[in-house]
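> Take a look at the letters that make up each chain.
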Amino acid sequence: MADFDRESMLEMFSYEMNQLVDQLEQIIIDSESGFSMDIINEVFRIMHTIKGSAAMMLFDTIVTATHAAEDLFFYLREENPTNVNYSELTDYVLECMDFLKEEFVKVGEGVPVDGDPQAVADHINGFLMRLKDSESGGSASSATPPSSGASAANEASSAGSTASADRPFASRQYRAKLHFQEGAEMENVRAFTVVNNLKSYVSGIVSEPSDLTDEATIDIIRTEGFTMSFSTDSEYGEVYDLLNRSVYVRDIFLEEYTKESIQMEGLNGFEIFLRFDEGAQMENVRAYTVVNTLKPYADYLLHHPSDLLDENAAEVVQREGVYIDLVTSKDYDEIYDQLMQTIYLKEFTMTDKFGNDSGGSSALAEEVPVSMTPETVVTPVNTNANVDVAPNAPIPAPADGAEVAADGGSAKRSTGQAVISVNVSRLDQLLKLMGELVIVETMVTQNPDLQGLSLENFNREVRQLKKIIKDVQEAVMAMRLVSLSGTFFKMNRIVRDMCKALNKEAVLEIIGENTEVDKNIIEHIGDPIMHIVRNSLDHGLESPEARRAAGKPEKGRVILEARNAGSEVWIIIEDDGAGLNRDKILAKARNNGLLTRPESDYTDKEIFQFIFMPGFSTNEVVTTYSGRGVGMDVVNKSLEFVGGSVVVDSVPGEGSVFTMKIPLTLAIIEGMIISVAGTKYTVPILNIRDSFRPSPDDLFRDPDGNEMITVRGDHYNVVRLHEFFGLEDAGRDITEGIMMIIENGDDAICLFVDDLIGEQQVVVKSLPKFIKKIRGISGCTLLGNGEISLILDVAGFFDK
Amino acid sequence: MTNVIENDLAMDRNVTSDTTNLYLAFVVDDEQYGVEVSNIKEIIGVEPITIVPQTENFLKGIINLRGDIIPVIDVRSRFRKQEIPYDTETCIVVVLHEDYILGLIVDRIIGVYNLNFNMITAPPNAKLSYANQFVKNIGRKEEGVLLLLDLEKILFV
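Note that the protein sequences, when read in sequence, are chains G and S. When we follow the working numbering, the leftmost residue of the first sequence carries the number 1, and every step to the right adds one. When we follow the working numbering, the leftmost residue of the second sequence carries the number 1, and every step to the right adds one.
Heads up, some of the hints might be wrong.
Distance condition first, Cα-Cα at most 25 Å in a straight line; then the derived DMTMM-like pairs of lysine to aspartate or glutamate [unchecked claim]: (1) G:Lys772 with S:Asp99; (2) G:Lys432 with S:Asp99; (3) G:Lys772 with S:Glu143; (4) G:Lys772 with S:Asp150; (5) G:Lys637 with S:Glu56; (6) G:Lys769 with S:Glu56.
Restraint ranges, calculated between C-beta atoms of paired labels, are given here [claimed, not checked]: (7) S:Glu42 with G:Val444: 49 to 57 Å; (8) S:Thr90 with G:Val444: 51 to 59 Å; (9) G:Glu759 with S:Glu83: 34 to 42 Å; (10) G:Phe458 with S:Val27: 40 to 48 Å.
Sample of chain S residues with no beta-carbon within 10 Å of chain G, all distances over it, derived [claimed, not checked]: (11) Asp30; (12) Thr50; (13) Ile51; (14) Arg66; (15) Ile69; (16) Gln82; (17) Phe117; (18) Met119; (19) Ala122; (20) Pro124; (21) Arg140; (22) Lys153.
In case anyone wonders, no lab produced these hints; they're calculated from the structure. Only a predicted model underlies this, so the values are computations on that prediction, with no experimental measurement involved. Ideal placement from N, C-alpha and C gives every residue a C-beta, glycine not left out.
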């Protein structure tokens, strides 16, 4: 059961993630020239959503990659930097998307999601660093320096005051961990510089290792990094910026401790104040010892005075005491016990900073530990509450992600929320059941038992039933149709990537992307479209220089168009490049032994068709994108699979046009049911221009014996369907049958059939794959009574 | 101890599943043929068959099996034997092979036999006629033999 849940969650996850990635890719490519604030927000939200969902599903690699991207867009959003190299940015984000896509594929296939996100993350982080560097040069002044109020408060803090409001620390606590780049050298000095730079912005800073003048710390910093705790009034972004300006920093981990973050991580924050007995001597060293005992437990530790080893510190500590801010995983009692071991303690307060008990700060002397009782009782309760929250912590995060997802979709809310995803197999099932329903309906309403009965009421209800069933049928069929837009828009990415790689310029124009085809077909035409687009860019379009020389605009144009053409969808890919080289193709075909007739016999179109043969590439150089002669072969194979075809036309110097003709298999068509030799066939209504009873006088034959007919002054070839299909028992007498004028594009013929039966909406089904493609038949359909009718492929009658 | 028992059980299971198989036996032109039951989807009577033009002669056409379109071949015709009119005993055996579904028109069904694998032998090597290439193995039963069909060949040869 658990497995099942995980399974369905994974399915959902993969579906949603792929949608998001597609959406994101589109956004990114659209805005390569510049990201508006809306776009940045959108990207940030999507990245955040992906990260959240991936974290929920425990896909760490995805989290790492998206986290980096999220950081980047967070920065863009918060800082709105001016001199961003958007092209480079796009590259990195797309790299990240590619990584994500690969990982999602793994999720979909159920194999371990084990890609290495480090390269992606490094690239993005590197870009972010460079961006920040360049920004800090230009707009350092614009980043508001943290107010000096904090340091003022620092000085103003009066001795003996124990109220937390008067503590010498600023409002926000941060812990930062820095690693320096390899080969930075003198890491201790660099760290010292970082601390020094921060000093003017922060109130109190403690570093670990603490003595940065000691060269022995170099190795530690080099290997383990260098940690600082400090408090400031500045916001996270500002602090991050400040740190980021430091040179040679490789990565920065900056964490702000807020009530929420501390509770989330199951930590406690304490405010501690210590004062030593007069005459204790060496107060600074005593304080140092206290701090050192706390260090092993501390996630965050800040003390004032910050330099306890300074010789003047003794006096300050003696006079003003020591303030310590601590964030630790230990609870109140443990820390309290630890501190109570300190000798010569005169005054000691300890408050749970983020606890609910605001009155927790009670001053007490060491000899009255009893007075601690109320607090020791109260605090553990808080601690427990925190602990309770901790295991639940992962839940709010994804929930937040989900919320963001909803926000992210707000721009498209009107459509987004009106759509649900359904497994295709369920649609298949529904379609099947629908077919059975129609058959049973006929069996019931035309039941032999009803013969001869007068059933006025019954028949009325039957008509109603039939109408409803027909409506349901149409709805079911319409459900399976998917718009081509997704497939088309993916090509934007390919055009962009290839233009970059090939140093060409091209714009992709998309027309008719809302044309709908059956879901099953969409899956098989993505690849062919991609290969043809690639081909157009690589072989078709010339370099900007060559284009200029040829008097064409430097920017090439590729048009991707879809349109309904009768029972087919045509996908047309047109470019204004150099066109196909007829002679080169012919020569190659000759070398490959593909010619079966005299060369002069081949038309241009037939020659161009050779490029779809396996292993056929006239490109001398194999590039990343083409030249291996694989792509165009795939086009043919995939199209054959769905019963489609491709033709190419080209004018040298002006460009090429690839036309993919794809049947609307499994779609609904309006059909005319006809009968020939006792079998029923369906002709798509869109192909029928006219039908009539022919008169023998209009028929004549040409010298080759081809039968022709004159209709209202026009002449048409006659195709007798039973002859075409080699059927027997059909009506031979021309006057007993029906002549239909069938058109395909601009051509038309007359088709002679036995009888017209009626018009009906039919679901196109493909023939079983055991049966090879038959010229003149595109598929079959089930009639209302369960009978099978073959659907005529009108184009098959033309290209003899 | 438990391990030993489990091993024994496992071996038992292997023995049964490996060595005997159920075969559906049917008659085509006086010969008895068999197809492994796991390949059989169902058996139906002869329904009206829609002719598909320009296909091989043995492909009688397609039928609608509850919404699935299934090609039907006449086994007699496939084996180049004399075709006879279909009668009440004629059946369409719907078989599955990989992801192909195919209807086989046979004269009549005899029954199901459990054949131990040592009762199954390869046919003689000599390919003396066209039709015997469709026979993968020969199974012996109490009276007579079952010619076990090679669906792969029937589909693709």
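> Against each hint, give a clear statement of whether it holds in the structure.
Each hint, compared with the structure:
no., hint, in the structure
1, G:Lys772 with S:Asp99, "16 Å, holds"
2, G:Lys432 with S:Asp99, "18 Å, holds"
3, G:Lys772 with S:Glu143, "41 Å, violated"
4, G:Lys772 with S:Asp150, "21 Å, holds"
5, G:Lys637 with S:Glu56, "24 Å, holds"
6, G:Lys769 with S:Glu56, "14 Å, holds"
7, S:Glu42 with G:Val444: 49 to 57 Å, "24 Å, violated"
8, S:Thr90 with G:Val444: 51 to 59 Å, "28 Å, violated"
9, G:Glu759 with S:Glu83: 34 to 42 Å, "37 Å, holds"
10, G:Phe458 with S:Val27: 40 to 48 Å, "46 Å, holds"
11, Asp30, "27 Å, holds"
12, Thr50, "4 Å, violated"
13, Ile51, "5 Å, violated"
14, Arg66, "6 Å, violated"
15, Ile69, "6 Å, violated"
16, Gln82, "20 Å, holds"
17, Phe117, "30 Å, holds"
18, Met119, "32 Å, holds"
19, Ala122, "27 Å, holds"
20, Pro124, "29 Å, holds"
21, Arg140, "32 Å, holds"
22, Lys153, "14 Å, holds"
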